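**Q** Taking the hints into account, I'd like the entire structure generated from these sequences.
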Amino acid sequence: RWSVYCRIKCCEKVVRRVRKRNVMRYKNILWIDDCDVKDAGNIDEDPLEVEESQIDDITVIQDYFYELADDVCLIKEYKKALQELKDRNACYDLVVFDINMKEGIDKTEYPEIEETLKQKRVAVVDDYKEFVEKAGMYLYMFLLNCGYPNERMVILTGNGKSNPREFLKNAH
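Counted the way our numbering counts, the sequence shown spans residues 9 to 180.
Since the hints were derived computationally from the structure, they do not count as laboratory data. Model, not experiment: these values are computed from the prediction. Heads up, some of the hints might be wrong.
[Unchecked claim] Restraint ranges, calculated between C-beta atoms of paired labels, are given here:
(1) GLN127 x CYS99: 18 to 28 Å
(2) GLN91 x LYS115: 12 to 22 Å
(3) CYS99 x LYS137: 30 to 40 Å
Glycine included, C-beta positions come from ideal geometry on N, C-alpha and C.
**A** Here's what the structure looks like:
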């Protein structure tokens with residue numbers, strides 16, 4: 009439950025900060041998460057990690073974002089998320105994403121994903137196995153190179169294995 013609580017509190021802080029500055033209210037959120045098992049940290053249960061047949065996307069979105077946004081689009085596949093960001097990133101007030109996308113990337117799609125990232129000047133320095141564990145960091149670089157503002161990105165993850173600073177120095 010701690011991870012769920014932390015994710016909700018993080019989103020609440022972002023929304024409060026924006027409202028306080030009177031810049032904008034987040035209406036449209038793009039949430040990219042593969043909803044995989046056991047990446048929410050050291051907790052007993054996370055609503056994102058139940059069997060798909062037990063819970064639907066709308067319930068998950070309501071649990072995480074309840075009153076924080078008018079519309080939340082949850083995308084579980086990395087390739088689809090890249091295409092959405094490439095085509096429509098200006099439609100979203102906030103992009104929330106996970107770092108580890110091991111369930112959201114099919115190995116057969118990896119070469120195409122790698123090419124899409126390279127088109128936006130993101131150097132892929134990992135093989136497939138390493139890439140899926142830090143795919144969100146590549147997504148961060150992709151968003152920056154698409155012109156999406158850093159202050160409108162939120163990384164939610166239970167993955168503490170990766171060193172983002174070292175990765176970012178090598179990927180850009």
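**Q** If a hint holds in the structure, say so; if it does not, say that too.
**A** Cross-check of the supplied hints:
1. Hint check: GLN127 to CYS99, Cβ distance near 20 Å, so the stated range 18 to 28 Å holds.
2. Separated by about 18 Å at the C-beta atoms, GLN91 and LYS115 satisfy the suggested range of 12 to 22 Å.
3. Take CYS99 and LYS137: their Cβ atoms lie about 33 Å apart, and the range 30 to 40 Å holds.
In this structure, none of the earlier numbered hints is contradicted; all agree with it.
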